[in-house]
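Colleague: Next come the chains, spelled out residue by residue.
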Amino acid sequence: MSTGAFLPNSFPIVMSTSLNAWSDALSEYFLFGLPVGLVILAALPLVFIALYALTYGVYGERKISAFMQDRLGPMEVGKWGILQTLADILKLLQKEDIVNKSADKFLFVIGPGVLFVGSFLAFAVLPFGPAFIGADLNVGLFYAIGIVALEVVGILAAGWGSNNKWALYGAIRSVAQIVSYEIPAAIAILCGVMMAGTLSMQQFNILQQGEYGFLHFFLFQNPIAWLPFLIYFIASLAETNRAPFDIPEAESELVAGYFTEYSGMKFAVIFLAEYASMFMVSAIISIVFLGGWNSPFPNIGPLLLNDWTTGPVWGAFWIIMKGFFFIFIQMWLRWTLPRLRVDQLMHVCWKVLTPFAFVAFVLTAIWEIYVK
Amino acid sequence: MDQTLSDFGTVFVFLLLGIIFVVGGYLTARLLRPSRPNPEKLAIYECGEEAVGSAWVKFNIRFYVVALIFIIFDVEVVFLFPWATVFKQLGEFALIEALVFAGILVIGLVYAWVKGDLDWVRPTPNIPKMPVLEEDESQVVS
Chain A
1 MSTGAFLPNS
11 FPIVMSTSLN
21 AWSDALSEYF
31 LFGLPVGLVI
41 LAALPLVFIA
51 LYALTYGVYG
61 ERKISAFMQD
71 RLGPMEVGKW
81 GILQTLADIL
91 KLLQKEDIVN
101 KSADKFLFVI
111 GPGVLFVGSF
121 LAFAVLPFGP
131 AFIGADLNVG
141 LFYAIGIVAL
151 EVVGILAAGW
161 GSNNKWALYG
171 AIRSVAQIVS
181 YEIPAAIAIL
191 CGVMMAGTLS
201 MQQFNILQQG
211 EYGFLHFFLF
221 QNPIAWLPFL
231 IYFIASLAET
241 NRAPFDIPEA
251 ESELVAGYFT
261 EYSGMKFAVI
271 FLAEYASMFM
281 VSAIISIVFL
291 GGWNSPFPNI
301 GPLLLNDWTT
311 GPVWGAFWII
321 MKGFFFIFIQ
331 MWLRWTLPRL
341 RVDQLMHVCW
351 KVLTPFAFVA
361 FVLTAIWEIY
371 VK
Chain B
1 MDQTLSDFGT
11 VFVFLLLGII
21 FVVGGYLTAR
31 LLRPSRPNPE
41 KLAIYECGEE
51 AVGSAWVKFN
61 IRFYVVALIF
71 IIFDVEVVFL
81 FPWATVFKQL
91 GEFALIEALV
101 FAGILVIGLV
111 YAWVKGDLDW
121 VRPTPNIPKM
131 PVLEEDESQV
141 VS
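In the order they appear, the protein sequences are chains A and B.
Note that the UniProt record's numbering numbers the first sequence so that position 360 is 360, with each residue one more than the last.
Note that the UniProt record's numbering numbers the second sequence so that position 23 is 23, with each residue one more than the last.
Treat the hints with caution; some may be incorrect.
Using 30 Å as the maximum straight-line C-alpha spacing, the simulated DSBU-like pairs for lysine-lysine come out as follows [to be verified]:
| no. | chain 1 | residue 1 | chain 2 | residue 2 |
| --- | --- | --- | --- | --- |
| 1 | B | Lys58 | A | Lys101 |
| 2 | A | Lys372 | B | Lys88 |
| 3 | B | Lys129 | B | Lys115 |
| 4 | A | Lys105 | A | Lys95 |
| 5 | A | Lys79 | A | Lys91 |
| 6 | B | Lys115 | B | Lys58 |
| 7 | B | Lys115 | A | Lys101 |
| 8 | A | Lys101 | B | Lys88 |
| 9 | A | Lys79 | A | Lys95 |
| 10 | A | Lys101 | A | Lys91 |
| 11 | B | Lys41 | A | Lys351 |
| 12 | B | Lys58 | A | Lys105 |
| 13 | A | Lys95 | B | Lys41 |
| 14 | A | Lys105 | B | Lys41 |
| 15 | A | Lys91 | B | Lys41 |
| 16 | A | Lys105 | A | Lys91 |
For the record, the hints were derived by calculation from the structure and aren't laboratory data.
Quick caveat, the model's predicted, so the values are computed rather than measured.
Bound conformation, chain A alone (with noise of 0.2 Å):
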């Protein structure tokens, strides 16, 4: 293990090379009747989560698209307005909380934490490196796929909770955009599991492990594997309301969409739970197809570049900065394409994208049987 040689052994974090061996090493601690190991477990990936939102989601997105539109961005909080995010989070906290008089209460309060609690659960079975994931399920890409689309009731419970009509307007949008999406989404990632013919998230990654880097990724394994890619990620876009497919939150006909009325901390939960299920749709894409946290490198002769950077520091590194990659393509898109209108959104993914995952499936299942 390269990168932890030089760590002493009390650091079980750097040094297991089994999974979550730290972990089962805190078991015999408590905290609250829970192991200590466990909620340790679970509180990294929301602290990633927070610090990603901040950092790279809000901070980064908005120096991007200034610097696309030929902009300065964000200046003035701190050198080069590094410090804005923080002021905005402290604005946030100190905004008052309006509850409509006439909205569903229950609703409404409920909407926002449904929402991230949907994407926050998806994390447990997200592998950041060979030695950390939460929990490494038979099932894992098939519960990730399912417990994202909990979104959907968040969305529908803050939208009509709302009683106002962009509310109401932006959740029905969003909610039968997502819905149809979750279709081709789903077969393309089909695809996936009939290549690796395994549904847990860590052997996605061990199947695509190898001394010739990115040429033992699905994408490269295999012709037909393009198609699916490119189906799935188009169609995240749409799971996530980013632009092109952001109909739902449209600003210039729907105000906000689905978060019209919501202000202070439920609007920080709101926009947290947006940039997790982007990260999460980015890592499940570069774990189907893309070798997950596997280094791209090949072993060229005596540089062993594949070698020097494969361990589980170097596995978060290259699972968190594939998903920073297509999180970037996502920016990009945003001022790059104009907004579909809804018949051009349906029609994309009913007439389009669907009998495409389709052929992609056939012709999946005909090259693992026959040419394979």
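Starting from the structure of chain A, add chain B where the hints point.
Modeller: Frame of chain A; chain B shown alone:
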């Protein structure tokens, strides 16, 4: 290790932590934020106008159609996932069976397509007709 929770126990810890995070966030904000409601603040936002009626109206029927088609395909995909994990061992027979199964649903998609259930109302361009004035040019010249 007798204290080891099952994998779904870990997921349950994630669930608890997510709920604690959201509730804790709400409570922290509650300690810090002011609360000075007045009727204008508590009114529904409708671009500065007084809200007309309730927002709880009937949905467009097309959303139900989309939901129905979604359920059919989603159930199909759920059935295909376990098949996908083992189909390489089962070989050709299982492949043909799955193709028949998917084929029936593709026929369903084609049916919905031909019937027009997948078509949404397209906006028709509404160009107002201008009254054509025939003597326009002569008037301008003179």
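Colleague: Of the hints stated earlier, which fail here?
Modeller: Violated: hints 3, 7, 8, 11.
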